[in-house]
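Asker: Below, each chain spelled out in residue letters.
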Amino acid sequence: MSSMDVTNLSRNYFRKMFAEGKRFDGRSNFDLKEVQIEYNISNKAEGSARVRLGKTEVVAGVKLETGAPYPDSLDKGNLMVSGDLLPLASPRFESGPPGFDAIELPRLIDRELRESGAIDFKKLCIKEGENVWTIIVDIYPINDDGALIDASSIAAIAALKNAKLPGLNEEGKVDYSREFGEKIPLNEDIIPISFTFYKLGESLILHPTREEEEACEAKITFGISKWNGQYMVNSCQKGGKATFSGKEIAKIMEILPEKYEEIIKNLGNLLK
Amino acid sequence: MTVKRHDGRKADEIRPMTAKVGVVPNADGSAMFSFGKTVAIAAVYGPRHLHPQFMQNPSTGILRVNYDLLSFSVAERKKPGPSRRSKEISKVTEWALAPAVNLEEFPNTVVDVEIYILQADASTRVAGINAAAMALAHAGIPMKTLVSAVAAGKLDKELIVDVDKEEEDFREGEGATDFPAAKLSGRDEFSLLQLDGKIQPELVPKALEMISSACEKVYEVQKKALKDFIENPEGGNGK
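Going down the list, the protein sequences come from chains R and E. Take the first sequence: its letters are residues 0 to 271, numbered as in numbering that gives the first Met the number 0. Take the second sequence: its letters are residues 0 to 238, numbered as in numbering that gives the first Met the number 0.
The following block holds chain R by itself, in its conformation from the complex (with noise of 0.2 Å):
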């Protein structure tokens, strides 16, 4: 189906489903898509990883690149979180300069991954004040069918887990025709993944189809993970011109436990 804005007629049936629990998939509001994932899809990268959520497709791959340290860490590596919305993926992205979602997407990403504390920083420092690792996480759609940040989250700690330290010349710069070195240090227990809660009339649902991400009329972004045996909420965005009352906020963080643990459990081996 080509890009068309969503009519009024299908947005006031959207809202009269939601509100009766109900989806066209046969799923209810808060039920997830199907995830699945699948490493090394491309064997020049340092770690990569494609993600499927429904028949949304995301692929991410992991470069590591050396150099100076910034002035303010000098004993901590970096990280750099990229992307593109390529008009491969769907009828609405367009080729040129980035769009507000292109921005978004990756900036959300990043801060979920860094806040997080997924990745040790301080073991990415090679020489204190003169070389440091630089982790560079790209992402890229393959299909949209809505939901992409939240495939987005899980295709980055997927990529970074499978990722591992190319090889150093004497110089201290990367290597390829030397042999990879050990896995890039994460804090195993750590796996942030992002949840986006879209909101037509006073209904929240959970993993969008293209289609419902566009007839809703705001959404929030909460990125979480488990730190020292607690929950934390590592990021958080709202977007859309609706707003969120304080009930509606409570309300989600209610649920976005459970929904972790499902998405954890569903994952099973597949993100260890």
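The hints are simulated quantities; they were obtained by calculation from the structure and are not laboratory data. Heads up, a few of these hints could be off.
[To be verified] Covered by chain E, according to a simulated footprint, are these stretches of chain R (three or more residues, beta-carbon under 8 Å):
(1) 101-108
(2) 224-236
(3) 242-256
All C-beta atoms, glycine included, are put in the ideal place defined by N, C-alpha and C.
Fit chain E to the known structure of chain R by using the hints.
Answerer: Okay, now just chain E, sitting in the frame of chain R:
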């Protein structure tokens, strides 16, 4: 438990606020707002003709927000021109203000809101939102209510409001969480919610309560500045 803040503030204490309307005399509406050393100014132009034309909406006017730091407002000079950060903040600020304004009477037009930070000591986006909401009211744009904003935070295990730069850089225990939020004044409607850090889900509603009561104090300051202007328009820079 009480938090020890470096400037001696209580957990729910906001830095001294100042607000003034009419700071850009030739704009249709303008205001400044400050939280301690963080100073924001905002100007509103419109409703006016919208270019490019394809953005025009025949059913309503639109709001267009631009936020940025002036190059000298931060310790390390900020390269002039939009960054990814400023583009993101511009957009979330637009979403924070949009639910409060009603532009249906002005189809095909735009209301431009320009927000600049003169001096940054954290909480810049929320200071910008407070200034912008006052500037919109000053410009006579039809509004349901004002928008009031504040950044809550968490230092290790303690919730606080109105985070400054030193607090933003706190690294002990659970570290610092920055939680900027905006509310439609007097309503249970949050129009901006952002967060960075580590906060237990059960603490989020508590933080929202602190934000709500802080926003009421912000609202009083905004209202007073607008009233002062109406009673004494020449007291400001005039309009």
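Asker: Now tell me, hint by hint, if it's right for this structure.
Answerer: Each hint, compared with the structure:
Coverage of the region 101-108 of chain R by chain E holds in this model, with 3 residues showing a Cβ closer than 8 Å to a Cβ of that chain against a need of three. Proximity of the region 224-236 of chain R to chain E, defined as three or more residues with a beta carbon under 8 Å from a beta carbon of that chain, is established by the 9 residues found. Requiring three or more residues with a Cβ within less than 8 Å of a Cβ of chain E, the coverage given for the region 242-256 of chain R holds, as 11 such residues are present.
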